[in-house]
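Chemist: So the chains spell out like this:
Number of protein chains: 2
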Amino acid sequence: MRVMGVDPGLTRCGVGVVDGSTGRPLHMAAVGVLRTPADEETARRLVLIERGIEEWLDAHSPDVVAVERVFSQHNIRTVMGTAQASAVAMLCAARRGLPLALHTPSEVKAAVTGSGRADKAQVGAMVTRLLRLREAPRPADAADALALAICHIWRAPAHDRLRRARAVAHPEHGTTRPKGSTPS
Amino acid sequence: MRVMGVDPGLTRCGVGVVDGSTGRPLHMAAVGVLRTPADEETARRLVLIERGIEEWLDAHSPDVVAVERVFSQHNIRTVMGTAQASAVAMLCAARRGLPLALHTPSEVKAAVTGSGRADKAQVGAMVTRLLRLREAPRPADAADALALAICHIWRAPAHDRLRRARAVAHPEHGTTRPKGSTPS
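Protein sequences appear in the order of chains A and B.
Start counting the first sequence at 1; every next residue gets the next number (full-length UniProt numbering).
Start counting the second sequence at 1; every next residue gets the next number (full-length UniProt numbering).
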C-alpha cells in the first residue's frame, strides 16, 4: 500500500509518501513541503496548494491519502488556515476517487512513538528510525506528513475491519433499521 | 458590475448573483442553494460544492466573487464545515483569476439593513425590497448570499480607493520604507 500523508498548512504544507503494510518494513518514496508566500492573498495560496498537491498525486500515484484531522483546541487563527489547506487536500483526493483518511495528531503520535503526547523531536526521531533515514526530515511538517502515512499504514487493517463490520450491520449506509425492530 | 455572493456551508451553500453599481438600482440575476448530503463524507461533499460553484461561475460569469468571511466566535464544529466550504469557493474564484472579496457577517448586515446586528428576517426583508422581489428568497442562506453581493457592490468603491491608496504608499506590496527613513 502506498500512502500519501498531508500535514496541511498555508505557509508550510508537509507531504510524504510511504510504501508498506502491517508487519513489513516501511519505505519512504518521497518527502517535501509545499510553501506559499505569507503576503499572498489566501485564495491564491489555496490555488498554489492545490497545484502542489496535484503534482504530488501525479508523480507518486498513492493508493490512499491521509490528512491530519484539524482540531478544535488550537488557536483559532491557525485553525482557519489549516482547515482551508486541508479542505483543498481532501478535495484533490476525493476528485480522483482516492480513499481519504483523517487521523488526529494524537493518533499519529501514538502510532509512531507509543505516546499520544510525544513532542516534535520524538516524532522526528521515530520517523527517521522507522524509515531508516540518515537524518530527520526537515522541517517538522515534512516529518509529520511521513508520520501520518505510517500511522495510516498501521491503522488501516483496523479501519477496514470496522468499515466492513459497519457495512454488514447497516448495508444501506446506516439508514436501515435493525432487523426485527418496528417503525416508530 | 456583476457580483456572485457565496454564503458558504457544507449542508446549504447559498449562492446569489446581483448586477449593479453604487447609486443605481440593483438587479438580481440568479439565486439558489447548493446542498450536499449530511451522511456523505466531507471530502465528497467538498467535491459536490466545487462542482456546484463551477456551474454557477460558468452560467453567470460574475466580475467578482464575494464570500462571507468565516468568523472565530462561532461554534467550532460549524466553523470547520464553513471554513472548508469557503476554501472551495475561494479556490474556484482564484483559479479563474476572478477578484475575490471577503465580508464579515456584520459588514453585510450593516450594508443592507443599517445595523450590524440585524437578524435573519430583517436581512431577508431588505434583500427583498432592494432587489424588488415578490417574496424573500428561501432558505435564509440564499438571501444571505444576495446580501453579500449587494454589500460588495456598495462597498466596492471604498475598497478600490483603499487599494489604490495602499498601492501609492507601498508600491512594492508594502515592503518599501517611507522615503527619508533610514534602515534600522
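Among the hints, a few may not be true.
What the hints assert, rightly or not - Facing chain A, a subset of chain B residues (Cβ under 8 Å, in silico):
id, residue
1, 47
2, 70
3, 80
4, 83
5, 88
6, 110
As the list claims (entries may be wrong) - Pair by pair, the computed Cβ-Cβ distance ranges are:
id, chain 1, residue 1, chain 2, residue 2, range
7, B, 78, A, 107, 38 to 44 Å
8, B, 22, A, 61, 49 to 55 Å
9, A, 169, B, 97, 46 to 52 Å
10, B, 58, A, 51, 39 to 45 Å
11, A, 119, B, 164, 45 to 51 Å
Said to hold, decoys possible - To give an idea of the interface, some chain A residues facing chain B are shown, with a C-beta separation under 8 Å as derived from the structure:
id, residue
12, 91
13, 93
14, 100
The set of hints was computed from the structure by calculation and includes no laboratory data.
Bear in mind the structure is a predicted one, so any value in this text is a computation, not a measurement.
Note that beta-carbon positions come from the ideal geometry of N, C-alpha and C, so glycine has one too.
Chemist: All hints are to be evaluated individually against the structure, with a verdict given for each.
Modeler: To see whether the hints hold, each was checked on the structure:
1. At a threshold of 8 Å, the smallest CB-CB gap from residue 47(B) to chain A is about 5 Å, leaving the interface hint in force.
2. Annotation: interface hint on residue 70(B) holds; nearest CB of chain A at approximately 7 Å, less than 8 Å.
3. Hint status for residue 80(B) relative to chain A: holds, with the closest Cβ pair at about 6 Å, below 8 Å.
4. Hint status for residue 83(B) relative to chain A: holds, with the closest Cβ pair at about 4 Å, below 8 Å.
5. The beta carbon of residue 88(B) is positioned within 8 Å of a beta carbon in chain A (closest approach about 6 Å), and the interface hint is therefore held.
6. The interface hint given for residue 110(B) is broken, as the beta carbon of that residue sits about 23 Å from the closest beta carbon of chain A, more than 8 Å.
7. The hinted range of 38 to 44 Å is not satisfied by residue 78(B) and residue 107(A), whose Cβ atoms lie roughly 24 Å apart.
8. Residue 22(B) and residue 61(A) have their C-beta atoms about 51 Å apart, which keeps the hinted 49 to 55 Å range intact.
9. For residue 169(A) and residue 97(B), the hinted distance range of 46 to 52 Å is satisfied, since their beta carbons lie about 48 Å from each other.
10. Roughly 21 Å separates the CB atoms of residue 58(B) and residue 51(A), a value that falls outside the hinted 39 to 45 Å.
11. Restraint check, residue 119(A) to residue 164(B): a C-beta distance of roughly 48 Å satisfies the suggested window 45 to 51 Å.
12. At a threshold of 8 Å, the smallest CB-CB gap from residue 91(A) to chain B is about 5 Å, leaving the interface hint in force.
13. Because the beta carbon of residue 93(A) sits about 6 Å from the nearest beta carbon in chain B, less than 8 Å, this interface hint is met.
14. Here the hint on residue 100(A) is kept, as its CB sits about 5 Å from the closest CB of chain B, short of 8 Å.
Of the numbered hints stated above, those contradicted by the structure are hints 6, 7, 10, listed in ascending order.
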